[in-house]
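Work the whole structure out from these sequences, hints included.
So the protein sequences, as listed, match chains A and B. What the first sequence shows, in this note's numbering, is residues 1 to 83, in sequence order. What the second sequence shows, in this note's numbering, is residues 1001 to 1159, in sequence order.
Among the hints, erroneous ones may be present.
To be verified - Listed below are the simulated DSSO-like cross-link pairs for lysine-lysine, each with C-alpha atoms no more than 30 Å apart in a straight line:
#	chain 1	residue 1	chain 2	residue 2
1	B	Lys1058	A	Lys37
2	A	Lys63	B	Lys1062
3	B	Lys1062	B	Lys1016
4	B	Lys1058	A	Lys63
5	B	Lys1062	A	Lys2
6	A	Lys2	B	Lys1058
7	A	Lys2	A	Lys37
8	B	Lys1016	B	Lys1074
Please keep in mind that the hints were generated in silico from the structure rather than gathered at the bench.
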Amino acid sequence: MKLLYFAWIRERIGIAEEEISPPVSVRTVTDLLDWLKQRGRGYEQALADLSIVRVAVNQDYAKLDHPVAPDDEVALFPPVTGG
Amino acid sequence: MIRIQQEDFDVGKELKGLVRGKHGIGGLCSFVGLVRDMADGERIGAMTLEHYPAMTEKAVEKIEADARARWPLKASLIIHRYGTLEPGDQIVLVITAAAHRQDAFEACHFLIDWLKTQAPFWKREETDSGPQWVAARDSDDRAAERWAQDRTDRDKVRG
Chain A
1 MKLLYFAWIR ERIGIAEEEI SPPVSVRTVT DLLDWLKQRG RGYEQALADL SIVRVAVNQD
61 YAKLDHPVAP DDEVALFPPV TGG
Chain B
1001 MIRIQQEDFD VGKELKGLVR GKHGIGGLCS FVGLVRDMAD GERIGAMTLE HYPAMTEKAV
1061 EKIEADARAR WPLKASLIIH RYGTLEPGDQ IVLVITAAAH RQDAFEACHF LIDWLKTQAP
1121 FWKREETDSG PQWVAARDSD DRAAERWAQD RTDRDKVRG
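Shown next, in the form of structure tokens:
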């Protein structure tokens, strides 16, 4: 699974993207976020408040119960501030 | 039509280009977003717009398609820049063209409200006290939500 991080989430985690192989028990966005939070302090800090974390699966906005699969591209980012 | 680019744009040229040969257009409405020199009492030296290239095009195309499904537009153009910009620089251009002004005005307003809350861009401002990520505003969410109501209801409320 390819993970992409943007803005302050990228800064807190310390990398812009990575390839990961989460366990089979990771089936939804929520499962993925819970698993990521245990990967280190940067992840924990970046994902501490999920009300300000947005998720896209394969470049489309996804809710927390959205399924995730091994060949998905999952992006985590703060609420957008373009325009 | 959408363009996500680093380069600046020429509003006059874009307006003329969009209407060329389309004589059914009775009105054009445009919105240009600029970098301000102050934000929340802090002086802004520069601003960097980060984006998610693979998703940006998809999201902005969807926003444009939504507008064209709701209003009878003859043409539309969205240009959004990324990279490092300075106060006074242009960030975004929205142009809508329709036979009648109300459709052009409404679609343009809708597009900029939705771009602000849906397009995957993030602003980081360089201020005197260091760099900071711009926080999303609730007022932007409320502005976008207004359009979620049915158009007929909205028109009724407006009377």
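Pair hint B:Lys1062 and A:Lys2, alpha-carbon separation not exceeding 30 Å: holds (23 Å)
Hinted pair B:Lys1016 and B:Lys1074, Cα distance within 30 Å: The hint holds at about 14 Å.
Pairwise hint evaluation, B:Lys1016 against B:Lys1062, where the allowed Cα distance is 30 Å at most: Answer holds: B:Lys1062 to B:Lys1016 is near 24 Å, not above 30 Å.
Hint consistency between A:Lys63 and B:Lys1062 [alpha-carbon to alpha-carbon, up to 30 Å]: holds (18 Å)
Hint consistency between A:Lys2 and B:Lys1058 [alpha-carbon to alpha-carbon, up to 30 Å]: holds (18 Å)
Hinted pair B:Lys1058 and A:Lys63, Cα distance within 30 Å: It holds: about 18 Å lies between the C-alpha atoms, which stays within 30 Å.
Restraint status (C-alpha distance of A:Lys2 to A:Lys37 at most 30 Å): holds (16 Å)
Distance restraint between B:Lys1058 and A:Lys37, which requires alpha-carbon spacing of 30 Å or less: Measuring from Cα to Cα gives roughly 29 Å; hence the hint holds.
Consistency note: the structure conflicts with none of the earlier hints.
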